[in-house]
Each structure stands twice: as C-alpha cells, then as structure tokens.
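K.L.:
In the order they appear, the protein sequences are chains P and X.
Here the first sequence stands for residues 1 to 316, numbered as in our numbering.
Here the second sequence stands for residues 1 to 251, numbered as in our numbering.
Every beta carbon over 10 Å from chain P, so not counted as near; a handful from chain X, in silico:
(1) W12
(2) G14
(3) G33
(4) T59
(5) D65
(6) R69
(7) S114
(8) D125
(9) E158
(10) K160
(11) L216
(12) E221
(13) T222
(14) M231
Cβ pair distances, simulated, as ranges:
(15) P:D18 to X:H235: 44 to 54 Å
(16) X:A92 to P:A28: 22 to 32 Å
(17) P:M43 to X:E17: 47 to 57 Å
(18) X:A92 to P:I147: 27 to 37 Å
It is worth saying that the hints were derived from the structure and are not from the lab.
Beta carbons are placed, not taken as given, at the ideal position from N, Cα and C, and that holds for glycine.
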Amino acid sequence: MSLSDTPKAGLRAWLLTDTPTSRRHARAASLYQAWLSLKGNHMAMLGLGILIFLVVIAALASVLAPSDPFIQDLSLRLTPPIWQADRDPGIEGYILGSDSLGRDILSRLLYGSRITLYIVTLVALMAPIVGLLVGTIAGYTGGWIDIILMRITDIFLAFPRLILALAFVATLGAGIENAVLAISLTAWPPYARIARAETLTIRNSDYIHAVRLQGAGPMRIITKHIWPLCISSLVVRVTLDMAGIILAAAGLGFLGLGAQPPSPEWGAMISEGRKFILDHWWVATMPGLAIFTVSLAFNLLGDGLRDVLDPKDGSQ
Amino acid sequence: MSGIEIEGLNVWFGEYEERVDAVKSANLSVPKGGSFGLVGESGSGKSTILRAIMGLAPTWSGKIDILGRAVEKPRSRDFYRAVQMVFQDPYASLHPRHSVDQVLSETLSLHGFSDIDKRISQLLDDVGLGPSFRFRYPHQLSGGQRQRVAIARALAPEPKILLLDEPTSALDVSVQAEILNLLTDLRAEHKLTYLMVSHDLAVVGHICQDIAVMQLGEIVETLSVEDMRAMKTTHHYTKHLLESSLQSAAG
Chain P
1 MSLSDTPKAG LRAWLLTDTP TSRRHARAAS LYQAWLSLKG NHMAMLGLGI LIFLVVIAAL
61 ASVLAPSDPF IQDLSLRLTP PIWQADRDPG IEGYILGSDS LGRDILSRLL YGSRITLYIV
121 TLVALMAPIV GLLVGTIAGY TGGWIDIILM RITDIFLAFP RLILALAFVA TLGAGIENAV
181 LAISLTAWPP YARIARAETL TIRNSDYIHA VRLQGAGPMR IITKHIWPLC ISSLVVRVTL
241 DMAGIILAAA GLGFLGLGAQ PPSPEWGAMI SEGRKFILDH WWVATMPGLA IFTVSLAFNL
301 LGDGLRDVLD PKDGSQ
Chain X
1 MSGIEIEGLN VWFGEYEERV DAVKSANLSV PKGGSFGLVG ESGSGKSTIL RAIMGLAPTW
61 SGKIDILGRA VEKPRSRDFY RAVQMVFQDP YASLHPRHSV DQVLSETLSL HGFSDIDKRI
121 SQLLDDVGLG PSFRFRYPHQ LSGGQRQRVA IARALAPEPK ILLLDEPTSA LDVSVQAEIL
181 NLLTDLRAEH KLTYLMVSHD LAVVGHICQD IAVMQLGEIV ETLSVEDMRA MKTTHHYTKH
241 LLESSLQSAA G
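Given only the sequences and the hints, what does the whole structure look like? Please build it.
P.N.:
As structure tokens, this is what we get:
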C-alpha cells in the first residue's frame, strides 16, 4: 500500500490544484472534483455500481448464463426456484426457476439485460438531443419560432405517454426498434421544456451579452455557451427518467407491442408470467425485480448527479 | 475628431401603453482619448445609454456616431473591434463553465487574431494577472480577479473606446481602488477613450475629465470635473447630488 501511495498522492495533488497549467489539466481537474463529490454520495455510488454490474452482465451474458434462454423443456415447465424446490437440490439447476415453456428464467434475465440496455441507450441518445435542439432554439430566438416549436411540444405533451407510444407502435408495427422510436417520440417534450426554461434564464445574462459584443452569432452562442449549461440539467433529468423509460418499454412489451416472443425482454416476461401469477409467483416476480433494481439504480445515480452537476451550485 | 457623439438619443422599452422612456433626447460628446462620466441615481438611464451604444437595447432613435461614423444596425464586427464594454457585475459577466483561457481565446479567434497564445499571456499581463490564472474557472477567482478577466476580454480586440458600466460597484473598497488604478493605467497605455457610468462621484472624479448628470432619463447638466470639485453647478439636482455625496463621504 505504502508504495502505491506516493504516486497517487502526486496525481491527486496534480488533479486538485487551484492553478492548472494547461487546458487538459484544467479539464481533468474539474472532472476529478466532480467525481470526488459524486463519490461522497453513497447512494449514487450504489446506483452506479448496479449499472456497471448490469453492463458487465450484458456483455458476458453468453458466458454467465447457465443455459440457452430459448431452449424449451416442457417436462420441467414452471419449476420453482432452487430454494423452493421439493426434490433433491442439485439434480436440475434452475436457480430462479423456469417459465411456462421450461426455459431458464435466470438465463433469460441475463440476456434480457442486453435488450434493456439497448432500449435505454437509444432513447437516451435520441430524446434529449431532440429536446435540447428544440428547446434552446425556441428559447434563444423567441418570437414566432418559439411559439411554433413550443406549441408542437405542447401537443406532444398533451397525450398520455404510453397511449401515444401505443399509437405509434400500432402504426409502425410491433417490435423493439419501433418501441424505442415510439418512446423517444414521446419522451423529448419535457427535455425541450427544460432546455427552453434554462435558455430563457441564460439568454439575458451578462456573459451572453458579453459574447454577443464580440460579434458571435446565434449558432455559436447556442452551441458553445447555452448548451454546456443546459446539458447538466438534462443529464440529471435523463437519468431520473430512465426508470420511466424502462417501465414504458416493459409496458409495451407487456402489452405485446414491444419485444416479440421468444425475445427475453423483461416486460414481455412479466406479461407471460401473468397467467400463472397466483400459483407460480416466480415467473413474473423475477423480471419484475430486475426492472425494479435497474430503475432504482438509475434514480439513485440521477439524484447524485443532480447534486454534482447543478450549474447553480457550480457557479458559486 | 470626436470619439463618441450622441445627439437626441431616445431609448424606450415596450410599446403603446406599456412604453417606458428610459432615455429622453440625450446629447453628449466625448473627444477621442477623453474620459467621460455619466452619473445619476439608479434607474436614471445611465447604463441604458451604454447598452444603446453597444446595440443591446432593442428600441432607440437618434444619432450615435462612433469615431466620426454613424453606427450600423445591427452592429458590425468592425464596430465591436473598436468599441468594447465592461459589465457591472463580474460575478455575472463570466460564463461559469468557461476557463479564463477559453474566454480570451474565443474572443481573440472571433476577432480573427492568429497569435492567440501570445496575446493571452500579454492580456493577462496587462490586467495584472499572472500566467497561473490562465486555466482557472471563474469560481476559482475573487471578484477583483474576475473583473480583471472581464477587462482583459474587453481589451482583447484592441478597442479604441471602452464603455464601463459601474465597473467597481460590485467590489469591496480596497479592490475598487486597484481596479480604478488599473483602468487609469490602461487608458494611458492604450490611448483609450472611456465612457464610464457610476453613481459614485468619487470614482468618476478619479477617472474622468467631464461628467454628465442624469435624472429620470434626461441629462440635466454637463460639467467638467474641476467645476464639480468647485461646486460650480447650475442645476439644483447636481447640487443636491454633490451635497449628498459630500455628506456620505464625511459621515
């Protein structure tokens, strides 16, 4: 330990300095300070840990899964989890039991994490970016452009989210890509609202006036001066919304409009287990617990990020 | 040639019933290389005149000539190269997420300079900040240091005219003196023309040669600093302002 402490202390001092010596140094130092304050939040670190665990599981699903998630064994259908099994333990290893077609629930959960990550990543890439564009342009330019963009946003906001997603999926056809598209289309308006509200408070500040006095055009001001201040509140909002997005994807899967069987999407798994929920609780409960855990992890992380990234604190 | 020539300037906010006249037919003239102060109480329209010159006030009428040429609408980049402004509150005039280096290098590249690295060191040196400040963020700077960065940013395009909007009112007294001395030195060094807004007659007396007194959007009197010191005023509001200033200085 004592050997590795010395260079670490040097690096720590280098990162914590008040007088950075280069552009890269300054950026590294401010990132490190943000990391330190995130590290101090134990619940956020728990959330981050769970999410890293999820990514690892998704990457290693084929190695970790005890069996193929699609192989059916009707003679062993609805086997209870291992700790409830009446028969001798060790004969047949369904750790979390099997579903109505005799597929291993644990393996399906592991493979399902890939689908969950896929949905979450795509929605997180699409919705906030659309929202950021619409919101900052509306907020900065004002006038007619603002009115038109914000009324479109209002129209999207007026629909209940899942109903609108249902309508999109119904027109586009069921499937995981269309579910992602539908969720993104319904998820961007709140981001546009947040981005516009932030832009309105930033737009008339002296530092925006100052850069206008250097002859900067609206494009430069929006992308270089307004976006950096909006992005942090959007990142927080996205992490807090992730739980809702996972649940919306699961809801679409549950209604049969998202992932199609035999895909091991968690929502679809709950939907299959619904028929047996009274006698065979584990079929629906296991994917439910997985959704709960991941949603909770995103919420915890989002909460911690809000404390770190809030620009109102950063400017003090 | 005059630096700033303003004739019959009106600035207003809102239209029809909501119209508020912030500045009413103001005239003032600052010779090139001169230093002019605008004084008056809060809301008398001092800062609005500066904002109108810089093109930050949306609605105005009248004549604004800079270095003998009428200003364009909207202002051209050449205009911003000749005229720059320092804002009142250094806590609000620096982008919270941009380091000193980013602020200055963006300003320099917007004005088309190429030797940016050298110029940044020179600018920091000019405003009395060492190279160690170059990569700091605003939250790592004190109020006086922030205002120095803001002054460096205003000096970056090598302007001829600097508009100062109460540059010291947000700072504490000891720092105020430093910034005022810096401004005096910079004016001598770069042969700048100053138009300075302040409610503090002592500050204006320190920096300026002539002052204009504003009340309710109108310039009520223009006089030299010597006349002001000698209390040679014609307008009763100026007299009132001078007396209250003397009282607060004595008290």
